[in-house]
Amino acid sequence: AQTVTQSQPEMSVQEAETVTLSCTYDTSENNYYLFWYKQPPSRQMILVIRQEAYKQQNATENRFSVNFQKAAKSFSLKISDSQLGDTAMYFCALLNTGANSKLTFGKGITLSVRP
Amino acid sequence: DAMVIQNPRYQVTQFGKPVTLSCSQTLNHNVMYWYQQKSSQAPKLLFHYYDKDFNNEADTPDNFQSRRPNTSFCFLDIRSPGLGDAAMYLCATSRGVGYSGNEQFFGPGTRLTVL
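Residue numbers (the working numbering), protein chains in the order written: chain A, 13 to 127; chain B, 29 to 143.
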């Protein structure tokens, strides 16, 4: 079975500052995908960033970047120049590619950006 | 814009009264998922359809059923809602399962209240 752990239930950051959200995971597969999803209050879940496990290069999407450490099974999200609109719940998720492919979510972290 | 639509956004039902939640998609994706998300928790997969093939999660109660009459629509039926079934129900779609680029696209959710 695969697991995703987000140990910090909530974080707060000042607008324009940088914040890092932590995530660790466990899987027996060698090939898989990792995602960070954002769910703003009362709004729908959207994909922030995606990382393929076979790629060593860390994914980057504008102000969002990841630090993917495959050996340590760590997948943290860095948000640079935080904006008020970044206030949301963030979920780390793992997709295995085996016969029973399934997206497994962490418990999520509530991020608040302070003006 | 291609999207995942859920109706209604808010549904109130009475204890034990059957209720149906609706999801439609214009993405022409092969896979449709239903998740249950309780307050400040991670989404929990109930089941999914790959085309017409139904895949139930082992721990999904029998009280939850699903129908997919065509590619575009998928329904979640709760036969006898209990107070513990009050939650946000998320519909998601993806092109396939377990391969590169397999992002799941989420609808806005239906918030179910059971009185």
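Because the hints were derived from the structure by calculation, they are not lab data.
Be aware that one or more of the hints could be misleading.
[As the list claims (entries may be wrong)] Here are the in silico distance ranges between beta carbons for each label pair:
id, chain 1, residue 1, chain 2, residue 2, range
1, B, Ala-86, A, Glu-29, 24 to 30 Å
2, A, Asn-70, B, Ala-86, 40 to 46 Å
3, B, Asp-87, A, Pro-21, 21 to 27 Å
4, A, Asn-79, B, Asn-98, 39 to 45 Å
5, A, Ala-28, B, Thr-48, 45 to 51 Å
6, B, Ser-50, A, Glu-22, 29 to 35 Å
7, A, Thr-15, B, Asp-105, 40 to 46 Å
8, B, Ile-33, A, Ala-13, 31 to 37 Å
9, B, Asn-58, A, Ser-40, 23 to 29 Å
[Unchecked claim] From the structure, some residues in chain A lie toward chain B, with a derived Cβ separation under 7 Å:
id, residue
10, Pro-52
11, Leu-59
12, Gln-63
13, Phe-117
14, Lys-119
Just so you know, even glycine gets a beta-carbon here, dropped at the ideal spot from N, CA and C.
Results for each hint:
| no. | hint | result |
| --- | --- | --- |
| 1 | B:Ala-86 x A:Glu-29: 24 to 30 Å | 43 Å, violated |
| 2 | A:Asn-70 x B:Ala-86: 40 to 46 Å | 35 Å, violated |
| 3 | B:Asp-87 x A:Pro-21: 21 to 27 Å | 24 Å, holds |
| 4 | A:Asn-79 x B:Asn-98: 39 to 45 Å | 43 Å, holds |
| 5 | A:Ala-28 x B:Thr-48: 45 to 51 Å | 46 Å, holds |
| 6 | B:Ser-50 x A:Glu-22: 29 to 35 Å | 33 Å, holds |
| 7 | A:Thr-15 x B:Asp-105: 40 to 46 Å | 30 Å, violated |
| 8 | B:Ile-33 x A:Ala-13: 31 to 37 Å | 33 Å, holds |
| 9 | B:Asn-58 x A:Ser-40: 23 to 29 Å | 26 Å, holds |
| 10 | Pro-52 | 11 Å, violated |
| 11 | Leu-59 | 5 Å, holds |
| 12 | Gln-63 | 11 Å, violated |
| 13 | Phe-117 | 4 Å, holds |
| 14 | Lys-119 | 5 Å, holds |
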